[in-house]
Amino acid sequence: MTTIRYTTNRLPFPTRAIRSLSTPGGAIYLLLLALLVILAFYNPGLSEPGQLSRFIGRSAPIAIVAIGQYFVIAAGEFDLSMGAVISAQVVLAGNLIGQDPAQILPVIVLMIVVGIAVGVVNGLLTTLLRVPSFITTLGTTLILSGFTFYLTGGAPSGNPADAFRAIGRGGIQNVPVIGFVPYSVLVLIALAGAAVWLMRRPFGRMLMGVGDNQSTIALLGAAPWWIRTRAFILSSIAATIAAILMVGYAGVSPVVGQGYEFIAITAVVLGGVALGGGRGAILSAVAGAYVLETLVAILNFAGVESTWRPAVQGAIIVLALGLPLLWTKRKAFKILLRRKASTAKTPNPTAPQSITEKP
Amino acid sequence: MSTISKDLKNSLLSSTGTVYLVLILVVIAGACITAANGRNFFAPGNISDLLTSTTVLGLVVIGQTLVILLGSLDLSVPFVLSLSSVLSAGVMAGQSTNFAAGIATALLAAAAVGLVNGVLVGLVKINGFIATLGTGLIISGYLFTNYRGTTGKASPELTAIGTATLGVIPVTTIGMAVCLVIVALFLSKTRTGLHLYAVGGDANVATMSGIRSAVPALVAHTISGLLAGVAGLVIVSRLGVGSPEVGTQGGYDLLSIAAVVVGGAILAGGKGSIWGSLGGILIFASIDSVMGIMQVNPYLKEVVRGLIIIVAVAVYARRNQIKIPARFAAIQKAAPTRPTNGATR
Amino acid sequence: MQTSAARTTTFTVLAALALAVSACAPGGTAATPATEAATQNSWFDQQKYDLENSQRTATFTGDPAKPYLQYLPGPMVEAGAFKASGPAKVCFSNAALSNTWRQTGWITMNEQLKELQKQGIISELETRNAQDSDNTQVADIDYFVNEKSCDAFIIAPNSPQATAPAVERACSTGKPVIIFDRGAGTNCGTTFIHSVGGMAWGMDSASFIKDNVEPGGHVVVLRTAAGVDVFEQRWAAAQHIFNEAGLKYTDYITGADPTKIKSIVTDEIAKGNVDAVWVDLGDQAVPAIEAFEDAGKDIPVVTGEDNLAYLRAWKAKGFKGFASVYDAYQWRTALLAAAQLFQGQAIPKDWVLPQIPVTAKELDTVLATNQGMPDTHYAASGGEDLPGFPQVWQQRVIP
Amino acid sequence: MSKSFFGFPILTGIDLDIRPGEVHGLVGENGAGKSTLMKILAGVYTRDEGTVLLDGDDVEFSHPVQAQLAGISTVFQEFNLLPERSVAENIFLGREPRVMGFVSRREMNRATAALFETLGVDSISPSTRVRTLSVAQQQLVEIAKALSFDAKVISMDEPTAALADHEVELLCRIIANLKERGVSVLYVSHRLREIFRLCDRITVLKDGALVATRPTSELTEEELVRLMVGRPLSTFFPDKALGASVGSQPALSLEDAGNDSVDGISFDLHPGEILGVSGLQGAGRTEVLQGISGAVPFTRGQVRINGTPVNIKTPGQGIRARIAHVTEDRKATGLLLNQSVMDNALAGVRACSPRRSSAARPKATELFLELELSARGPDQEIKYLSGGNQQKVVLTKWLLMDPQIILLDEPTRGIDVGAKFALYVLMRRLAAAGHAILMVSSELPELIGMSDRILVMRDGRLVDELPGGSSEERILQAAAGVNTKAVAA
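Chains as they are written, first to last, in our numbering: chain A, 8 to 366; chain B, 557 to 901; chain C, 17 to 415; chain D, 28 to 516.
Same shape as in the complex, but just chain A:
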């Protein structure tokens, strides 16, 4: 045991970056890079000006949803209501803005308010009534989508004004080098920046802390219930912003947002963020979202039969998470195979002391 003296000097950034590549949260960037190379191989046009930024732009909603989900997962919870929030907000935007540009601002404000309300409900039910978030958000999903469809007659009446849709559809033309920059890329960059900033702020660290060990945080005089509730609020706001971008990008439809909660959870987990909370980096979750989207694009370009695509995604998920675990467990497996016969002799003498994590 050599004593390492505490040093305030952090390692130079490149060293830290390279080191982090060997962590789950860092390796996702390698995977993303590899997939982008493959995508460029199938679609040489990707290197053309504007193409890459368009690709980033159209995937921005998923990345934003992943950011929202990250907050909740980091705090040790789930948010299954994100898809329903997106659908509800899309319908809201379609019905309330209509073709009247004057309505845009008030309706955006209303949407954010609705988003916050959903987050508050999710958060309070989970923290104060102690309903597991999986159930809470499943319940709010049903309630929210049921109500939206009931009130709007099953579908939004039509696309909102073009000025509103420009947020998700338009962009800045003729940018040097890049060519076209969709607004959604700017929104994503702003949000990701804000999220990174927020995670470094006291609130972000408390959020992480609550996911890591709620008791410690509670003894420091903070209110875990309020920290968690804010995570749910952030996630609902993220879903709302994603909804605004999606209405802009492709127009209204009640199916917009369907299944996004699972995509978001998958992206976050692929990004090395632990279910159960307290671990993982927010940008890795964003990278996880882009891994999924790049994969979909590759499958499109490669002409893989459309019906097989979910299977490829499923396989990637299982392998990406399973192989590392399998690698660390290979010893245990050997022991298991060897001791197949005897029941009394249980393997792994250190097991009783190991701390088992529960989701």
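Derived by calculation from the structure, the hints in this document are not laboratory data.
Below 25 Å or equal to it, Euclidean Cα-Cα: the simulated DMTMM-like pairs (lysine to aspartate or glutamate) are:
(1) D:Lys206 <-> D:Asp177
(2) C:Lys336 <-> A:Asp169
(3) C:Lys313 <-> A:Asp169
(4) C:Lys333 <-> A:Asp107
(5) C:Lys287 <-> A:Glu312
(6) C:Lys331 <-> A:Asp169
(7) B:Lys857 <-> C:Glu163
(8) C:Lys331 <-> A:Asp107
(9) C:Lys333 <-> A:Asp169
Dock chains B, C and D against chain A, hints included.
Then chains B, C and D, alone, in the frame of chain A:
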């Protein structure tokens, strides 16, 4: 059987009792509401409908209960169910001679998927949520690539089972009840069944007691797959054909999880019972049935379902608060007991 | 650290794997070879194809102002025992209300119901929605059968084969069983009401593409879902025509998710020339059109349906469009069929409704008639002569 | 029957034999190696050297179940029970009796009932869920479980720590019962009265080595205490004389404070003073600290801070009253294991005064350097640090919140000697700077070396107050209730 009845009695006194209390209230309220509208909740048609809708979900829920007791989840059930339906109907092709082969193929495939889930969760130790999401996606790829729409044809025997009734009770419901009893027996009468509770409740205690946590995981997931397969067969028996979509159409993944939780189980594992889950399904089915009779707008039905889930679990969470024994409790008068901060997690 | 290193290795392996998967994938690039796929589509049925092809252009019996009561000459069903002495109860097992076409039809049906109730022909319509689930629908039909209070059944099956056994049980009650929309895998029903058919739908729009795209051209095909018979039939017919015309095509399953559609079309534009977009559901066309706009490309031939969102985009953007029609007014016909039986009138056994597509010629008229309707409305809703028109459809309140 | 151990790193050359039907007491101060010894016997740890002979056979266990099957059962301090399962299911977990391949619940319940009958317990039904039982009853279930293995030896680790008096009586009867049936009991306890009452022979451990094994009849309580204590450690402590301003207004004063766990707590804590709290496990020391800080608040009595009455009901209020509370279980309530060193240190400031958090960062660095924290840097995850360094970070966390009153619960538990000394120096320095420190410790030398005064607790009450330099014997006697005349009225 006496131990089973004792077991039943025991669980009725515990949180399962709450579930059935809620169920009774729901049924009474339902009967009143329907009666107020000039309809009979207990009409044979309605009872039969209620039981039929309980059957398929019930089979899935039995498996899901095991998996949740273990502390895992099974999101692949809808796809396993569809898989079983297309395989059985495909192999049978309407021929009596293929009856057994069709059933065997479907159940083997379903159990195999369950086993794979079990390996991923129990041995590789991937989070059950993610693992079964992944296998579900893989199966869906297989299904939608190889089957476009309804396929095959049930053998006459299977169709006969699907339509047969004993009084108002469909034979398939009786089959579900048999599965329920078998799994209940498995849980209370086999070591693996008991160990399942232990692994889900506290993995450390299980290991200290010499239990290998992988075994219950493998068994629970395999049974869950197998029962989803049986559910697929029941669907084929009723529809006469297999379909790659029947599972996803029913939304059996989240609905079954919701039913188990409404039945008093906790998602973290180790607590819950088959009988509670049965109560959970019956609560859902009764409310659905009332709403069906009342012709409630389908979207409002969803709202009601969502409310039930949240309210039920909130009620159970209240009941489950831990009380700390007090050394000087006698001295104090009105001071409220307060759990330590750690107890909330 | 061991885990971490393993992670990196894994990801590298995965990346390689992904590469391998994509490299081995059939087709590799561009479009699916046409001839190979032609034999594959199990949904193609030459007989049905020929029949619907002839019905497309046939002359219909009845008042053209009331297309929902028109039919093709053929065997009729005598009302006979179905004649009711007073207002009768109809039970309706509906597959779902999960898309805008069904919602439009359902609104029309309810307005028609009010009329028939006023006239004292129908007392009540009891409805159960199966929410897109075959199993639920079977239970719903069995519920009606067991309750024994229905004087007639209307069934809009979720999938024809799967609901067949239950439909047969409804038939065995001896009460009239009216099937509409997707059809049942059994012939026991009193009548089957439908517009010409899915194949005709596909033929209409695919022929338009054939006429407007040079042989060898490339069509992007957007399919809502695999295995749903309505969509599969539309596609089977269109595929047949594309194959015959020597057109190349790439097909995608979209789930009608506009975001997905737009990404797909954008990628296709990036890959190279797209000469036409064929959709199997009107909702899919608008995002596809927008993808061309956003890419700064001219909009090629994009087919659609009679939903107003498409018709309006067509009008506004002036591309070569074509709207196949699958009449939403058949929902109304189903109820009228029951009413006619109760009144002792004969109805066609196979009630084929006209299915007249909207071409550039009719576009302005159709748009004028439907002014003020929401984008989700379908022009062929057939409610023009009902008292609630147009407010009820404009407000779009789902009963 | 005999057992021998030779040469452990933590335990060295322990040579111990337990006779059939004997109750063998194992005593020693904290850290003497009792727990390690028990865990080796239980199969939780493996030994490095030496042999364990059971009935003359050399045995080695790599898993608790092996030890149990061989006839050595252990009742640990933390229960290994599933709260949602029945008593019988818990007792037979992993080896449920089967009839024709099926678990026989009837047999299981019958066997459980029989076990309780042999124990003379009739209050527990085999089919009740464990979670509905009291702590004492759960303890009995653990004992029944240990016995169910047909144990030849049962070792018990502080079995009475959580029990009330009448429950202790029951346990004594049970042990007597076991003894009659020829079962040997290895009894670890701090409560000397029980040791003398129950044990036939007593083994004393000190610093991982065996001091003596004597028949109980040859020992007096005073002698035993003398054997246990006497570690030459005083040189490790920094000078005290830095200026406890006793006599000035107390920083903290409790008057008849109490709640569910403690009662009638009254004392004053002055600025510049280190007040030690001693007592056996379960005496209510931790609960007093929790009451003061608001973690588990007092429900009666009066607390004053600097003379002003306060009513602290939550940790947040405690922090606003400038109270720091370093908890006993670092991992469970003190650390954020997956977070970095810096995040842990700043957690407190961020939680209660986020605006000051950026200003706190350089201060944290200063403190780290001053405490000679051994870590790779601010970004290292705290779980990779040693216990001592973790504790330094926890202290830093609290100091950054500028407390006046510092509550320390077992501040040096699981910490190496070097880190301990650094902490002692820090404590002294803090006291000298006018902080008031209340320290709970089970390490008597530490209490004696550091405290200006020592409070002794027993059974939830304050029983004695001793001056700083009191002898270990004096403290132990008060804590264990050996010397009845020492009990304060």
